Amino acid sequence: MSALEFLTTGYAYLAFAFLLATGLYMMIASPNLVKKIIGLNMFQSAIFLFFVATAYVQGGSVPVIPQEGGAVGEYASPLPHVIVLTAIVVGVSLTAVALALIVRIYTEYGSLNEETIREVARR
Amino acid sequence: MSAVGIALVAFVAVTAVATVLVRDVLSAIIIFGAYSLGMALFYTLLLAPDVGLTEAAIGAGVTTILLLVTIAKTTRPIGDRVLASINWPAAVVVGVLAVLIGSTVPYIPTDNFTGGLTPVIANPNVTGYYLEMTYADTGVTNAVTAVLAAYRGFDTFGEAVVVFAAGVAVLVVLHTEVFS
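So the protein lines, in turn, are chains A and B.
Going by our numbering, the first residue of the first sequence is number 2, and it counts up by one from there.
Going by our numbering, the first residue of the second sequence is number -18, and it counts up by one from there.
Rather than coming from a laboratory, the hints here were simulated on the basis of the structure.
Treat the hints loosely; a few may be bogus.
Unchecked claim - Which bits of chain A does chain B cover? Going by a derived footprint, with three or more residues having C-beta under 8 angstroms, they are:
id : stretch
1  : 23 to 36
2  : 40 to 48
3  : 53 to 66
Unchecked claim - With the Cβ distance kept under 7 angstroms, some of the chain B side facing chain A (calculated, not the full set):
id : residue
4  : V1
5  : L2
6  : V6
7  : A9
8  : M20
9  : Y24
10 : D31
11 : V32
12 : L64
13 : V75
14 : N93
15 : V125
16 : L129
17 : A130
Just so it is clear, the structure is predicted and the values come from calculations on it, not from any experiment.
The beta carbon of each residue, even a glycine, is placed where N, CA and C say it ideally should be.
Working from the sequences, and respecting the hints, build out all of it.
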């Protein structure tokens, strides 16, 4: 596979790898808890991109199918889309609980900085 | 890969990096909203308009509001520095991870991006069943809606339970006793 062919066929997967790493970096390296949650959301959306990319069909159309039914290859696969829809909603629930915990952490420790919280907890 | 695709990938990558690099959390949240909108457009380009709509409403909408409410109730870093300092050990680790995952990409079948007939990972026979039978089984033309609400209705109900449980958890964590 030539480099150009690789870029044109695999670009969604390359974007997936890049965004996954970027989100993970935010979760590891950012000292601010809210930014860690943003990183978590970015990581999730990268995985959604992977699923959606596997369902794509070149030259196909969106999975809205006429009454007489369609054939494989004419439409994108609806099944990964459904998984991703569920995952998006579960993801926002996760974010809500995480942010509620962050608000509680702030009322207890008076900071959202990882290092500061660790020091206050040690005392 | 069309010009629109190139522009969207570039936009998403730039906003992702900007979210990491900017130090002020409010700016990061706003840039992340733009990122989510870019991802929604990217999903739509990859023939998943239902996912795109949900991402635009929930990823760019609800998540951004939740994040904004959180920093309104707490704090954000003060100081004049615009960019966050880079944690090089972490950057090296995730760089290695990105290269590892990226090196598997040539082995992922990408027929579906070159005019191949089947979606690559979802089983073509299973997909074919849904494409052929959805209207006959459920009377719905949108296959995604049909699977979500009819074939997998109980799973969607379980999803509603998860959202309810998350709501209860938020109330418990925040000590908001609405009924007391």
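Taking the closest Cβ pair, is V32/B under 7 angstroms from chain A? holds (5 angstroms)
Against chain A, run the beta carbon of V1/B and see if the smallest gap drops under 7 angstroms. holds (5 angstroms)
Does D31/B pass the interface hint, meaning its C-beta sits closer than 7 angstroms to a C-beta of chain A? Result: holds, 6 angstroms to nearest chain A Cβ.
Would you check whether N93/B satisfies its interface hint, that is, whether its CB is within less than 7 angstroms of any CB in chain A? Constraint on N93/B satisfied, holds at 5 angstroms.
Hint validation: M20/B versus chain A, beta carbon distance must be below 7 angstroms. Holds or violated? holds (5 angstroms)
Hint check: is the beta carbon of V125/B less than 7 angstroms from a beta carbon of chain A? holds (5 angstroms)
Verify this for me: three or more residues of the stretch 23 to 36 of chain A with a beta carbon less than 8 angstroms from a beta carbon of chain B. It holds, with 11 qualifying residues against the three required.
L2/B as chain A interface residue, shortest Cβ-Cβ below 7 angstroms: violated (10 angstroms)
With a cut-off of 7 angstroms on the beta carbons, see whether L64/B makes it to chain A. violated (12 angstroms)
Mind checking, does the stretch 40 to 48 of chain A have 3 or more residues with a CB under 8 angstroms from chain B? holds (count 4)
Mind checking the CB of V6/B against every CB in chain A and telling me if the closest is under 7 angstroms? holds (5 angstroms)
Would you check whether V75/B satisfies its interface hint, that is, whether its CB is within less than 7 angstroms of any CB in chain A? Hint holds; V75/B Cβ to chain A Cβ min 4 angstroms, cut 7 angstroms.
Of the hints listed earlier, those the structure fails to meet are numbers 5, 12, 17, in rising order.
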